[in-house]
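Student: Letter by letter, the chains look like this.
2 protein chains.
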Amino acid sequence: MEKELLLMLPGPVPMPERVRLAMSRQAINHRSAEFGAVYADCVRVLKTAFGTTNDLFVISGSGTAGMEAAVSNVGKDKEIACFVNGKFGERLYKISQRYGTAHEIKSEWGTPLNLAALEEQLEKGAEIVTLVHNETSAGIKNPAQEVGRLCRKHDALFIMDGITSVGGDLVEADKWGVDIAITGSQKCFAAPAGLAMVSVSSRAWERLTKNPPFYLDLAAYKKSASGKPMETPYTPAVPLFLALREACLLIEEEGLPARIARHQKMSGAIQAAAKAWGLALFPKIDKLHGYSSTVTAIEYPAGVKDDEMRAAIKKMGIVIAGGQDHLKGKIFRIGSMGAVSAPEILATLAATQYALKKCGYTSKGNGVEAAAEVLG
Amino acid sequence: MEKELLLMLPGPVPMPERVRLAMSRQAINHRSAEFGAVYADCVRVLKTAFGTTNDLFVISGSGTAGMEAAVSNVGKDKEIACFVNGKFGERLYKISQRYGTAHEIKSEWGTPLNLAALEEQLEKGAEIVTLVHNETSAGIKNPAQEVGRLCRKHDALFIMDGITSVGGDLVEADKWGVDIAITGSQKCFAAPAGLAMVSVSSRAWERLTKNPPFYLDLAAYKKSASGKPMETPYTPAVPLFLALREACLLIEEEGLPARIARHQKMSGAIQAAAKAWGLALFPKIDKLHGYSSTVTAIEYPAGVKDDEMRAAIKKMGIVIAGGQDHLKGKIFRIGSMGAVSAPEILATLAATQYALKKCGYTSKGNGVEAAAEVLG
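Those protein sequence lines, which keep their order, are chains X and H.
Numbering-wise, our numbering puts 165 at position 165 of the first sequence, and it's gapless, one number per residue.
Numbering-wise, our numbering puts 278 at position 278 of the second sequence, and it's gapless, one number per residue.
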């Protein structure tokens, strides 16, 4: 029987039926009251998930377009301090290099940020700071609140990539002093890939730099969004907006605190399984850093081959992620984003436990049972 | 009864059911052989529609993102000559101003291009030329082949916006000497809005300029597309690719020449109706310029108010377009793009004929009958 694979990745993630079916309707005019209401529904729920009362826009493009919108609108010819402890921190650093003078503050992937080095950069005159809140490449949650505090102390703008935290983990952009926050549709929102969402503080508006890319010019988004009906400056990806609206309404129906608690429970179950198996979680955390609650990165035990293990799991219809770049073969990653609940987690852990055994690893204990204890 | 409106706009246009339903399936991994095959199917058909054997990529973003990808990858700090005889020519000019020194070659909207002025610019050293092939704001088709000839003569790169011609009208990018051609998904392809397609010649690759926007960096698209499986550099809008694939397969099934002939027949019927009504087509054409076969722009007779007439038509469930910017109230526009065939055209013309009468205009003759003569 052909059946879709269960994607337990750090995005894309399975979409609820209501979200998927919203896309199958006939084309609607994107310069109409109907589309304006769709956009407004999205923005209302997104602001709650971002923890912001700032302006917020939806860009038809992937999360990377959102990252570039942030950097390019305020970073031109500026000194930019970029935290890197994983792949997406690297991406923000690369984007920053196209616009300003970017200073990498590097830690090993999955290890704590060097906050002292940030203070040093800020004292030297860095005006912009970039941070990935939840670094999926390494499964680590970075201390956004602490970074925000340092940015405010030195009057720097704070750009935070919340692509894999907003909508699944607690984000309080305003309280933390985030000036531009970014997320993507295909992660914790469980909507289709292809939309980036960006919030912009009044401090950021006051410090816009010249000539951002035309397509990513936030001032144009602001102008179009403030009209009646609410619009986007260029033709939006209408079906994706329709799907995102349903995804947002589902978040309202579940309630954001309940949704965040669910993500913590699901990742807690995966962590409990790893512990029972005798496997180490990959991130090295301290009291400021935490394990991600939207993706769990686990170290392979000696002798277990990544391609073999993930092939054995895929044979059972489930896809988990390996490591990226230099972490290929060293870690595997299980997503717990979006609409995921106990059945998907239990199935994934049972398949993983079996695959570990098949690949020659003798687990210390029963991870599936340990997870069920958390979930039950 | 609530029923969707029939959109007879110059995009977005009604989508065939097969295209719409393709979007409702569950998320698939965009780094998989399955997605690679979807992308490859799209590119195969797109190359035929572009009339090119050049590299061709699909960007998750609107047509404007495609326009900016073209200009930003080859136009940085260059002298750029920009033809403007409508709104989208203006947009290419505005984008060009962000990257190089842009020289506007302006004609009134809907009137012929000044080819002598282009020669002058090329002699003065313009290295890039931008043109909108089919200018929907004015319903005019511009002489791409002639512009291409002049570009080659002076060894300039030729950027052609084919957003509302590719897939509905004859485009022969290679034969015409187009270096970068652009189209969008929601026009003649009758797919959802949100994807831009860009072809790149070897001459363009040889003349890439530095530091285009990260998200629109064509070299990154080339690298990802040349892998196995074929990929995009950043997460693509997967449901839109699935829909575009179906739209492309429908084009293959119909056959491109038959599709182009259908567009000509449909627009021919609209033109015949206008003539029978005694209304003038808006564009002033000559032997190099033509009437668009994907959108027909018609002048309002004295006394007929745009908002009243379009409201009367909308009351019958049909949406046509007014004029943009300074043409608001002066023209109305009927799209004949994509999957549109006789029933939609007849219904639209019947509604328009009735609305003209209701708004106080006495038609010279029966436009619906004249259209039926063309369609029958």
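No lab work stands behind these hints: they were computed from the structure.
Backbone N, C-alpha and C fix where the C-beta goes; we use that ideal spot for every residue, glycine too.
Just to be clear, a hint being listed does not mean it is correct.
Negatives, chain X to chain H, calculated, CB over 12 Å [what the hints assert, rightly or not]:
1) V43
2) S60
3) S62
4) E104
5) E252
Restricting the straight-line Cα-Cα distance to at most 35 Å, the calculated cross-link-like pairs of lysine-lysine (DSBU-like) are [unchecked claim]:
6) X:K223 x H:K364
7) X:K328 x H:K210
8) X:K210 x H:K364
9) H:K124 x X:K228
10) H:K94 x X:K78
11) H:K124 x X:K210
12) H:K357 x X:K222
13) H:K94 x X:K47
14) X:K223 x H:K175
15) X:K210 x H:K76
16) H:K357 x X:K3
17) H:K284 x X:K76
18) X:K222 x H:K124
19) H:K328 x X:K330
20) X:K94 x H:K3
21) X:K153 x H:K328
22) X:K47 x H:K87
23) X:K222 x H:K364
24) H:K222 x X:K106
25) H:K364 x H:K284
26) X:K94 x X:K358
27) H:K314 x X:K228
28) X:K223 x H:K314
29) H:K3 x X:K210
Student: Which of the listed hints are broken here?
Tutor: 2, 3, 6, 8, 9, 12, 14, 16, 17, 18, 19, 20, 21, 23, 26, 29
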